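Asks: First to last, the protein sequences are chains A and B. Residues in the first sequence are numbered from 52 upward in steps of one, following this note's numbering. Residues in the second sequence are numbered from -4 upward in steps of one, following this note's numbering.
No lab work stands behind these hints, which were simulated from the structure alone. Being a predicted model, the structure only gives us computed values, none of them experimental. Glycine residues also receive a C-beta, built at the ideal position from the N, C-alpha and C atoms. Mixed in with the good hints there might be a few duds.
[Unchecked claim] The calculated lysine to any residue pairs, modelled on SDA-like cross-linking and capped at a C-alpha distance of 20 Å, are:
hint, chain 1, residue 1, chain 2, residue 2
1, A, 173, B, 59
2, B, 211, B, 168
3, B, 5, A, 56
4, A, 184, A, 196
5, B, 18, A, 95
6, A, 180, B, 55
7, B, 18, A, 76
[As the list claims (entries may be wrong)] Okay, the calculated bits of chain A under chain B, using three or more residues with CB under 8 Å as the criterion:
hint, segment
8, 88 to 100
9, 118 to 131
[As the list claims (entries may be wrong)] Using C-beta positions, here's what the derived DEER-type ranges look like:
hint, chain 1, residue 1, chain 2, residue 2, range
10, A, 180, B, 210, 37 to 43 Å
11, A, 97, B, 125, 31 to 37 Å
12, B, 259, A, 70, 23 to 29 Å
13, B, 212, A, 128, 54 to 60 Å
Given next are the chains, with one letter for each unit.
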Amino acid sequence: MPENFERVPIRLTVNGKVHSLTIEPRTLLVELLRENLDLTGTHVGCDTSYCGACTVLLNGRSVKSCTVLAVQADGGEVLTVEGLEKDGQLHPIQRAFGDAYGLQCGYCTPGLLISAYQLLSKNSNPDDKAIRKAIAGNTCRCTGYQNIFKAIKAAAASGGTQVHGD
Amino acid sequence: MLSQLGSEAKLLAGGQSLVPLMKLRFANPEHLVDLNFVPAGSYVREQGESLRFGALTCHADIEHSEIAAKIPILHDCAAGIADVQIRNRGTIGGSVAEADPSGDWGAVLLTLPGQVHCLGPGGERSVPIAEFMLDAYTTALQPSELISEISVQPPPPASGGCYLAFKRTAPVYASASAAVQLTMEGDIVRDAAIVLGAVGLLPIKATEAEAALKGKGISPQTMEAAAEAARAAADPQPDMRGSADYKRALVAALTKQAIEIAARRAGGEHVEVSHLYA
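One chain only, chain A, in its complex shape (with noise of 0.2 Å):
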């Protein structure tokens, strides 16, 4: 295996940002998205596609960004925890994560917000069974998930399930 890989261009918009670079081509979205771009809010949980820390929405769905090459979103747009606030206001999502205590070390909240974000905008009235399959890819080691499942319940109730700029 060659030492050093010829870097490949790349360009994705990401939180609505167009970002052109060259990358490595073994470069993960993750990597990518944390070490080139500075958005650190993405974690690197168990880094075996397990865990679901590093849920990104590639076009519009969602993924695990470990187990996505950067290559492969080239054209593509992400969307991660730090795009989901507007103008400094926390998204109901994230707000109700908070009010519901639906966290406690906040290891794994940037990848189940993005998971409740894509159920609730596909599904505006989830019913508890869709909430916990929505959420069956996102591992937390502190809560127990009732409270998170109180939280993306709360949010649908409340509504606050706009899409940014809808």
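Keeping the supplied structure of chain A fixed, place chain B upon it in accordance with the hints.
Replies: Chain B only, in chain A's frame:
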């Protein structure tokens, strides 16, 4: 391109198995060919009698496809693989090409059965799924070929199927699974296909279990006989997912439950099921 790169090239579809394998250095391909920029590789469509899936169709698109939902066993499988994020990336073609012993699609496609369409420099050929999967992680795909499409024939009227997999948590592979497809004639089972997943190097067609149902009615006795035959047909390896005995017991229970649901569906009942996990 694949002919030039030779057998050291790996094809990247959704990357939900290959990327983790590369991170662990279990896979170290010289060349990685990303298929995702190939246009029109993702679709679910009916063509004549058959139902066709583009190789790059992700599990989530099959989960939400109204066409695929006409064959419930396909929906059972697609909707339960791993979690939302992985279903958004992982593809049916990638899953079939990987032939992981714990993969879900192999068992399901064997019950219908499915055809794997392979495209190479010499043109396209169609391989029955039973002949496509040769061994664990080994398929009939040539180094210069790729999977273009998976197709299945819809089962005849009065048929019902069910795929039940048990896994320890959402994102992981199944500990064991059972795929059952029945065709009824009144109260009698005219045809049965039963395939066990994750309890052998390849999905296992449990012919004795099928024989225990064919020509008979669905009763606690015949279901029990089929479940026992499934237990005997399983050839599981003990691992972190459980002992061999545990997996045999699990696959027997899943088979029984899948038969019961398949029979209800054959009778026109709508039953929603998916992978079982804690």
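Asks: Going through the earlier hints one by one, which of them does the structure break, listed in rising order?
Replies: Of the numbered hints, 2, 12 do not hold.
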